[in-house]
Each structure stands twice: as C-alpha cells, then as structure tokens.
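Protein chains in written order, with my numbering: chain A, 1 to 83; chain B, 1001 to 1508.
Simulated from the structure, these hints should not be mistaken for lab results.
Among these hints, one or two may not hold up.
Stated by the list, open to error - Listed next, the in silico DSS-like pairs over lysine-lysine satisfying Cα-Cα at most 27 Å (straight line): (1) 1042(B) with 48(A); (2) 1382(B) with 1368(B); (3) 1382(B) with 47(A); (4) 47(A) with 1368(B); (5) 1368(B) with 1466(B); (6) 10(A) with 1382(B); (7) 1044(B) with 62(A).
To be verified - Label-pair distances were calculated between CB atoms; the ranges are: (8) 70(A) with 1158(B): 38 to 44 Å; (9) 2(A) with 1318(B): 26 to 32 Å; (10) 12(A) with 1467(B): 38 to 44 Å; (11) 1014(B) with 14(A): 55 to 61 Å; (12) 2(A) with 1376(B): 42 to 48 Å; (13) 70(A) with 1229(B): 36 to 42 Å; (14) 22(A) with 1229(B): 31 to 37 Å; (15) 1435(B) with 62(A): 45 to 51 Å; (16) 4(A) with 1379(B): 40 to 46 Å.
Note that the coordinates shown come from a computational prediction; the quantities given were computed from them, not determined experimentally.
Cβ coordinates follow ideal geometry from the N, Cα and C atoms, glycine included.
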Amino acid sequence: MKEFIASLLKPFANLCFRLANSVSPTVAIVIYIVLLAALALWVLTLKKERPQPAAGKITILKDLRLWAVLILLIQIAIYIILR
Amino acid sequence: MERLANIDITIILLYMAGLLVAGYFIGRHQKTDKDYFLGGRKLKWWMVGISMVVSDIGALELVGVAGGAYVMGLTIANFDWIGCVPAMILAAFVFIPFYWRSGVYTIPEYLGRRYNDGVRTLVAILWGLFMVANLGIFLYTVGETTNMLFGWEEKYVKLVGVKIYTSILVTAFVIGFYTFTGGLRAVVFTDTIQYFVLVIGSIIIIILGFIKVGGIEGLVSTVNEIGGPDRKTFFHLILPADSVHPLSWSAVLFGLAFVLSPAYWVGNQAIVQRNLATGSEREAKKSVIFAAALKLTIPVLIVVPGMVGFALFPELSKGDDVYPTMLRELLPPGLAGLVFAGFLAALMSSVDSYLNSASTLWTMDIYKRFIKKDASHEHLFKVGKALTAFFIIFAIFLAPVTAKFPGVFSAMQTLLAIFQGPTFAILLLGMIWKRANGPGAIAGLILGVATSSSLFWLGDSLFQTKEPFLYIAWWSFVTGIAATVVVSLMTPPKSEAELKNLMYSTKS
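Between the sequences and the hints, there should be enough to build the whole structure, so can you do that?
If you want it as structure tokens, here you go:
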C-alpha cells in the first residue's frame, strides 16, 4: 500500500526536487532578498496610524512602519553579508 | 570543571527564590480572569516583546538550535532570521491588531467568531492537548539538564509508585508557584529578568569560547581542519536543495518562512496571549516589532556558541549536549552559577508560558464553553488557577514517561508540524478572504492534517532529505488552503455583518 501511494506521488516529488535543485544558492539569496524588500515596501504602503489622544502626534520616530522597515533592511544586509 | 561548586548552587537557589517571591507579590491583587490570563491588559510593550522572544528561545531553541549549529553551522540561524522576522512584521500589522481589538483571550475564540463553534472546539482541543503533553516534555528537559549540572542523577523520590527526580520536583515547584500565584503578569515579569540573565550568560560563553578557540580565524581554521565533508557548508547561511542537511534554501523558504514561522507567531496561543495583554492596539504592535528587532540578535547568542562548541568539543555524541558542555567546561566557579541560572531561566520560560496558556485555553474554550457558560470573571479566575496547579502536577508525572520513550520529544515536534500548516491556512484565509466559511475551515483542517500525517507516513520513500518536516508543513498548508477554498465556494457564505471587525478588509 505504502509503496503504491509513494510510486504515484514520486514523479511529482522528483519534479519539485529537480526544480528546487536547479536554483543555485546565489539565486536563492536573490529570492530571499526580493521577498524581504517586497515586505518592506508593503509596510510602507500601509496607512499611517491615527494619533491616539494619549500618544500625541505620531512623529517619525513613533511611526512603527519605519521601525519595521529598518528591521527588514538589517535582515536584508545580514543575508547579503553572510549568505 | 566536573560539577557546580557550592557558590554556584547558592547563586542558582537564590535566583529561584527570587522568582518565587516575585510570583507571590505580583499575584497579590489579582481577582479576575482578565487579571490572571491577560495581566489586566496593562503589561508594558517592551516586557511583552522580551517575553515573546525568551519564551520562544526556551528549552527547544537553547538546546536544539545550539545543537543544530554544532552539526550544521550557520544555516540554523535561518530559524531566527527569515524564519521569524518577516512573520513577526506580518503579525504586527495584520493579525495582532485584530486579535487585540476583538477582545478575545485565545486564538480558538477568534476562530469561533470568524467561522463557527466547531472550528473553535477542534482547534482548542488540538492545541490544548498539545500544550499539556509538551509541559511534561519541557519539564523533563529542564529536570535532565538540572541533573547534569547539579549532579543530582541519583536523587529522586517515589510518588504513588512513580520515580520522580528531585530536580523535576524543584523546578516544577518554582515554575508552578509563580505561574499559579501571578498568572501571565508573573510569567512576563520573570521572562524579562530571565532574558537579561540569559544574554549576560551567553555573552560570557561567547567571549570565553572565542578566547579559547583563537577568535574568528581560529574557529574557521579549526572547523576546516576537523569538520570533514558534512561541515563543508558550516559557514554558509543558504544551502542548496540537495544538501545533506534538512535546511536547504527551498525547505527554509516554503516550509519555514511561508508556513511554520507565521503559524507560530500568529497562531500559537503561548506566544500571542501576551500581545493581547498590552494596554492598546498600538502597544500590541510595538511589542511584536520590538520582539522582531531582538530576534535579529538571537543567533549571535545561541548559534555562535554552538559553532564555537564544535571547534572546542568535536567529539560530543550528540549536538544537543554542546551548550551545557560549554557551560560546564568553560566557566570558573562563581561565574558558572550566574550563567547556569541564565540557562535554566531560558528552559523554565517555555514551561511557564505553556502552563499559563494551557490553563487559559482549557478555561476559556473548554470549561466556559461546555461546562459553565454563565461563569463569572471571578469564578473563571479560580478555575484558571486550579487548572494551572493541576497541569503542573500532571506534567510532573508525565515527565518520567517521556524519559521512557526517547522519541516522544521529536514526535511532539512532528505533531506540531502536522497541524500548524492547516491551522495557519484557515487563520490566513479567515483574515483576508470574505468567502471563507465554517464548513470550509473544518474541511481545510481535516484534509490538511490528513495530508501531513500521510506524508510523514510515506517519509523516506518520497523526500530526498531524511527530515522532511518543513516540506510536509508546506504541503499540508497548501492542501488546507485548497480544501477551505473549494468547500467554502460550495457552501453558503457568512454575511457582511457577521464578519465586521473580524477581517483585514472589514476593519472599522
């Protein structure tokens, strides 16, 4: 039973493996970085928060979007340097 | 150094006594379930952020990730970097604000509102059982490590015929006491202290380790000299798909970054519960973003010691022994006590988090829903405390069972991989796709779990890697999405009014 099911799925599994294996680590790094950069851009497109009465005006240092982008940029730098 | 000196044991005992006192004082004024499970919704964002990170480090990461670094090298850092940071940013801006605004105590409670009570019950039972079972495993890990450090292997007592190590009883008493008396507030407070102790301990270990190995150059040359073919990629962050190690680039991206990591940061009750305990939606977001920033530094504290450990102690029988070995072998008396306390602190933080969250889940999603629907807040507070006491006692008896089955620990992690993918699938669709409904979510959960179980069963005959859990998580997620979409399209949708404030596109 196990062998039969495995034989049905094996061609698809092999195809997936061949596709993944055709991507070199250098290209994989580029994929990682593009995804992280896309996430950072998406964060920047989010609406700025409405100031809460107690919090006062949302200044640039209080803008959580920018902190999130900074963290993602550090992450990108780590992957570029250490790959 | 063979064992801890008396001064080290004194420092550790003082540290544990401090935790007991903190738990007592924090819990004095708590009266309701909101105080106990959500810290009265008054916890500071930075403490919550620290608590998220240190609970995640816990027993698993400190022992397992340092052990992974010993065997695989730098690539294990992916667990903390791309395997955490993007998901945490996503959680901060998409999921956490909704959970906070809806005023829920648990993730199953949110799923119940978004879908139906069947989904809530199914997810609550899955997570509830998993958390309670994990308590025994965590406690066993803590007890075993304490045995090794204190030399208490021969010290045990017999309770109702079961041989229980003294170390397990001591740690269970300390964790149980401060979690029982102080609830989530005590857990977060002690986690914050534990983080700083852990950081100081790790920095000392890194400095001493690098001095002994001859700096970065010494580390590189030693590994190149003695590493052999399995460690050719020791200093590489990204591994090719045909790597001998399980963390190839494709497994990390699809299984970890796309599924297991977001499932963990947006769907694990033990993690999310503390975000709900902050004072406002903005504070909740801040806590997650701060935790993401801290996550950037964790590989330095845990992965680097594991890598240095290989250069210093290449003959260890298993990688998981590297961190305790470095603690034991590198540190002089006095300093050892402080660093050991940090090590124990990290181990204990996962137990306290799971203990508090298991109690929350069983109180709010099982007891309140099936046993006493009209329970008052004061009554639920008492039930939560009683369950906390019950679970820690249960875990004490479960821990020796874990010792008899060495595969239990990995089996529990496998179980996590089995249901996290489908759970994340229905959480994600529930948040972004209006058409997703209850029958679809139940189908997604069941088919997703069936897929991951089947793939684990097929295992070696299908995958190139020996540990395919990341790929399995991916495919169970894909199946969960597909099944939810198909069944939702075939059944009636929920109305706009029912979805108000429960989705990203219907927020007020």
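We went through each hint and held it up to the structure:
Annotation: proposed proximity of residue 1042(B) to residue 48(A) holds, straight-line Cα distance about 25 Å (limit 27 Å). Proximity of residue 1382(B) to residue 1368(B) is assessed by CA-CA distance (about 12 Å); at most 27 Å being required, the pair is judged to hold. A threshold of 27 Å between alpha carbons decides the hint, and for residue 1382(B) with residue 47(A) the separation of about 42 Å lies outside it, so the pair is violated. Distance check on the hinted pair: residue 47(A) and residue 1368(B) sit about 38 Å apart at the alpha-carbon level, beyond 27 Å; violated.
Simply put, residue 1368(B) and residue 1466(B) have alpha-carbon atoms about 43 Å apart, too far for the 27 Å limit, and the pair is violated. Restraint check for residue 10(A) and residue 1382(B): the C-alpha separation of about 54 Å exceeds 27 Å, so the hint is violated. Taking the CA atoms of residue 1044(B) and residue 62(A), the gap is about 16 Å. The hint holds against a cut of 27 Å. Distance hint for residue 70(A) and residue 1158(B): a CB-CB separation of about 56 Å, inconsistent with the stated range 38 to 44 Å.
Distance hint check: the CB atoms of residue 2(A) and residue 1318(B) are about 30 Å apart, consistent with the given range 26 to 32 Å. For residue 12(A) and residue 1467(B), the Cβ-Cβ distance of about 20 Å falls outside the hinted range of 38 to 44 Å, so the restraint is violated. Between residue 1014(B) and residue 14(A) the C-beta distance comes to about 59 Å, which sits within the given range of 55 to 61 Å. Hint check: residue 2(A) to residue 1376(B), Cβ distance near 54 Å, so the stated range 42 to 48 Å is violated.
Range check, residue 70(A) to residue 1229(B): about 40 Å between beta-carbon atoms, so the 36 to 42 Å window is met. Against the hinted window of 31 to 37 Å, the Cβ-Cβ separation of residue 22(A) and residue 1229(B) comes to about 23 Å, which falls outside the hint. For residue 1435(B) paired with residue 62(A), a C-beta distance near 37 Å fails the hint of 45 to 51 Å. The given range of 40 to 46 Å is broken by residue 4(A) and residue 1379(B), whose C-beta atoms sit roughly 55 Å from each other.
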